[in-house]
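Model the full structure from these sequences, guided by the hints.
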Amino acid sequence: MTSRARVAIHGFGRIGRQTFKNLLEGYADRIEVVAISLEQASDARSAAHLLKYDSTYGNDPADISLDGDRLRVNGYAIPLVTASSTAELPWAALRVDVVIDASGAFGDADGARGHLQAGAKRVVVAAPCDGADFTMIYGVNHADFDPATHHIVSTSSDTTNCLAPLVRVLEDAFGIESALMTAVHAYTNEQKLIDAPDENLRRARSAPTSIVPTTTRADKAIGQVYPDLAGRVSGYAVRVPVPSVSILQVTAHLRAEPSVADVNAAFREAAASRFGEVLAVVEEPLVSSDFRGCRSSAVLDALTTLVNGPLVKVAAWYDNEAGYAWRVADVTATVAEV
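For any residue, its number in our numbering is found by taking its place in the sequence shown, counting from 1, and adding 377.
No lab work stands behind these hints: they were computed from the structure.
Ranges between beta-carbon positions, derived for each pair: (1) GLU646 - THR681: 17 to 23 angstroms; (2) THR681 - ALA649: 18 to 24 angstroms; (3) ALA439 - ILE571: 30 to 36 angstroms; (4) GLY496 - ALA581: 39 to 45 angstroms.
Backbone N, C-alpha and C define an ideal beta-carbon position, used for all residues, glycine too.
Structure below.
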């Protein structure tokens, strides 16, 4: 058997844990998780517990336990490490090839660069990351990865991963003059359970009891993925009281005037070919809970497609946690192949 890439995970929250599970399920023959970095040593007990028991996706059937400073999963022991800074993490000693930074702490490449200083060969930032060497949307532009120059790779956001195939299909099939997007997004742990002080007054409000308008970086990030679409897409997000699964609505002014059938046919063709790994089309009257655990980056809801002359509105479902964590795992495997 060929040697497996040695991967460490920095940050073991919702995305870190889901990505860990996905790596074990989908890439165990190619990737070995050799360490998990926690914010502090006292987090070890909850890390093991939350890996086993998940309020959204249910209990994991694996045998999961804590053995001192090691996490055991079906007898497989993974060291749990901590450090005061990323540059002090033991990546050199552990011969780490790729670090997945799922901490959410770094919005720019300068912060992520500490992993390289610590001895990792490459970093996958599971978030938008200004100054990253490459923003990889798996299933869309992963073939453009250049191992010689791309050392810090961003997976962008869950919403960007959903948006990218949608706008590409519309642009290539009909031409986009301009587009607006609204991400109707599940609440996240950066919001408040009950009203509490926050610089962003809307995010100061109770997430489980409110619909909260907020910002998104997906509209700007799409220009990093598709430079030809830079400046043509604008939008915002609305956080809603569900724990997972979101829906992205895109309204585009096109250069053509297609019918609903034309639009849906373009997406079905793309889902059956170039975007087959990440795009799907559903033609049943489903709701958000039906997509919990869905691996696709975007599932076009064909029943909601609207047209009015050159205006078209499409909507796509995505599991902002589980689906996105599969993309993080896919990107990690792509980067680790080198």
